[in-house]
Amino acid sequence: MTAKSVIQTIIVDDEEPARLLLREYLTKRDDINIAAECSNGFDAVKALTELKPDLAILDIQMPKLNGFEVLELVENPPAVIFATAYDQYAVKAFELHAVDYLLKPFSKERLDEALDHVAKRMKTKKPLPIEALAAAAGMKPAILERVLVKDGSKVHVIPVDKIDYIEAKDDYVAIKAEGKSHLKQQRMAELEKMLDPAKFVRVHRSSIINLERIARIELYAKDSRMAILKDGTKLLISRAGYDKLKKML
Amino acid sequence: MFVAAACIAAGIELFIGYGWVQLIDSIQFAPPISPLYEFWIAGIFGVLILVFLLVAAMHYVLIAYEQSNKTERQTFELKLLAQDAELRALRAQIDPHFLFNSLNSISALTTSDPAKARTMVILLAEFFRNSLDLGTKNRISLTEELSLIDKFLTIEQVRFGSRLQVQQDIEQKTLECRIPPLLLQPLIENAVRHGISQLLEGGTITLRTQLHNDRLNITVKNPFDPDYVPKKGTGLGVKNVRSRIQTLYGNEGRIDIEKKDNIFTVVFSFPVKDSDT
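For the protein sequence lines, the chains are Y and V, in the order given.
Using the numbering used here, read the first sequence as starting at 1 and increasing by one per residue.
Using the numbering used here, read the second sequence as starting at 1 and increasing by one per residue.
Just chain Y, with the same shape it has in the complex:
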């Protein structure tokens, strides 16, 4: 490690004693500065976005947003040391991807070891395979139940049942739910794959519809139709999209 380079670190754990312990261990090291302590995933996303720390020591089991979901929401996630009390699958995933982790309760020596390892790895700047990790840890459902959208440093949790439709907008998707539009950086095909195919249909290259929201379908031009949603929104349906819809309805 280069002399006197201080690692800006954030601690994320929903249990106060756990944060207390990390603070105690970390303040004994002069190469670590605790930039923030977060008691939940939302605060963690905010801190990661605003403070851009070098390292996050991240609990996995937290309410609303787990550790993996936090990282997925941050554009350039820092180096990470995961902490968990007990999770066979997560540990397997960490081993598999050679990710640093701590099993609670852990000693200061064990933490130091992980920190030294991370410091070495930071130089290589190898990004974490977050999605693969989450999947291997069994924390990524095959079918999406809620969509997480980051809005500045805030996070919106949108249950999929609340989604009316989704439109493609360049590199983003616009998720329309309860009269609001949420922009998320994701590809249509990727999102389509994760949505329940019995509820959501990609009716056009640029739109996915929640089947329950369709009021009626009208002929628009030769070979193309228009879906009228219950709120009056009109969406174009391609021929392939219509074929898919016919099978569903």
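Worth flagging that the hints you see were computed from the coordinates, not collected in a lab.
It should be emphasised that the depicted structure is a prediction, and the values quoted were computed from it without experimental measurement.
Beta carbons: idealized from backbone N, C-alpha and C, even for Gly.
A couple of the hints might just be wrong.
[Said to hold, decoys possible] Here are the simulated lysine-lysine pairs, DSS-like style, with alpha carbons at most 25 Å apart:
1) Y:Lys162 <-> V:Lys260
2) Y:Lys150 <-> Y:Lys169
3) Y:Lys222 <-> Y:Lys247
4) Y:Lys162 <-> V:Lys259
5) Y:Lys162 <-> Y:Lys64
6) Y:Lys140 <-> Y:Lys150
7) Y:Lys126 <-> Y:Lys140
8) Y:Lys123 <-> Y:Lys108
9) Y:Lys169 <-> Y:Lys154
10) Y:Lys46 <-> Y:Lys222
11) Y:Lys246 <-> Y:Lys234
12) Y:Lys193 <-> Y:Lys169
13) Y:Lys193 <-> Y:Lys162
14) Y:Lys64 <-> V:Lys116
15) Y:Lys247 <-> Y:Lys162
16) V:Lys260 <-> Y:Lys64
17) Y:Lys28 <-> Y:Lys64
18) Y:Lys199 <-> Y:Lys246
19) V:Lys116 <-> Y:Lys28
20) Y:Lys64 <-> V:Lys221
21) V:Lys116 <-> Y:Lys108
[Stated by the list, open to error] Partner residues are not named here, just some residues of chain V that face chain Y (Cβ under 10 Å, in silico):
22) Leu50
23) Phe98
24) Val158
25) Phe160
26) Ser197
27) Leu200
28) Asp225
Once you've looked at the hints, dock chain V against the given chain Y.
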């Protein structure tokens, strides 16, 4: 009753037999031996009664045998369920999250608040010891179960801080009620694990007990996050309590579960008789 049934059955048999005799008589080549005829009938009647009584006795023995088998099976089933509860209790003690997170809390407290760390160690030990003891018993008093629950909640409160609030509304006269051990504890554990710990701001677990018409009514309430998707294998706690109440109390036991306005409520009740005390 058996004798009466035997007489009737013998009568019917005799009647059929008489028909046969008539039939044989009508096709026989020798004349009937009339003087001995009535004698024969009485003899046959007596023999038939004896045969029937023998059959009935055998039948009775079979029924009794089956009955004893059934009771044996029921006792066995109850024993299994009790063992299951015990096992669950054992597993609850080594619920990895509860255990390791508690140990982590203790580790944190050793420098900042050594006295509290010691209290936690003792609470944890007592919780383990109590659930081991209670699991081996048939019935315990509600007081005993509540004391176990208090230990559990005190430990969890160190972990969750102000996120975990508890409100107890215990009717004084319910305290001495005899209840199956570790019936309530798994429900409280669920309320923390799947309710409170999944909420950012936490919430209050409400526990209420009432005695009404010789029935003990217990209510456990906790807020939950509607977006929370429990992992597989959960919900076992409620299922186990339901099947235990069903086996132990049959139609007299009740358990109702309600999910409304983001509040999860379990209400169950069962009779508490003098024989249980």
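The hints, checked one at a time:
no.: 1; hint: Y:Lys162 <-> V:Lys260; verdict: holds (19 Å)
no.: 2; hint: Y:Lys150 <-> Y:Lys169; verdict: holds (16 Å)
no.: 3; hint: Y:Lys222 <-> Y:Lys247; verdict: holds (20 Å)
no.: 4; hint: Y:Lys162 <-> V:Lys259; verdict: holds (20 Å)
no.: 5; hint: Y:Lys162 <-> Y:Lys64; verdict: holds (17 Å)
no.: 6; hint: Y:Lys140 <-> Y:Lys150; verdict: holds (18 Å)
no.: 7; hint: Y:Lys126 <-> Y:Lys140; verdict: holds (22 Å)
no.: 8; hint: Y:Lys123 <-> Y:Lys108; verdict: holds (23 Å)
no.: 9; hint: Y:Lys169 <-> Y:Lys154; verdict: holds (21 Å)
no.: 10; hint: Y:Lys46 <-> Y:Lys222; verdict: violated (49 Å)
no.: 11; hint: Y:Lys246 <-> Y:Lys234; verdict: holds (18 Å)
no.: 12; hint: Y:Lys193 <-> Y:Lys169; verdict: holds (18 Å)
no.: 13; hint: Y:Lys193 <-> Y:Lys162; verdict: holds (18 Å)
no.: 14; hint: Y:Lys64 <-> V:Lys116; verdict: violated (30 Å)
no.: 15; hint: Y:Lys247 <-> Y:Lys162; verdict: holds (23 Å)
no.: 16; hint: V:Lys260 <-> Y:Lys64; verdict: holds (19 Å)
no.: 17; hint: Y:Lys28 <-> Y:Lys64; verdict: violated (32 Å)
no.: 18; hint: Y:Lys199 <-> Y:Lys246; verdict: holds (14 Å)
no.: 19; hint: V:Lys116 <-> Y:Lys28; verdict: holds (23 Å)
no.: 20; hint: Y:Lys64 <-> V:Lys221; verdict: holds (20 Å)
no.: 21; hint: V:Lys116 <-> Y:Lys108; verdict: holds (21 Å)
no.: 22; hint: Leu50; verdict: violated (71 Å)
no.: 23; hint: Phe98; verdict: holds (9 Å)
no.: 24; hint: Val158; verdict: holds (7 Å)
no.: 25; hint: Phe160; verdict: holds (7 Å)
no.: 26; hint: Ser197; verdict: holds (7 Å)
no.: 27; hint: Leu200; verdict: holds (5 Å)
no.: 28; hint: Asp225; verdict: holds (7 Å)
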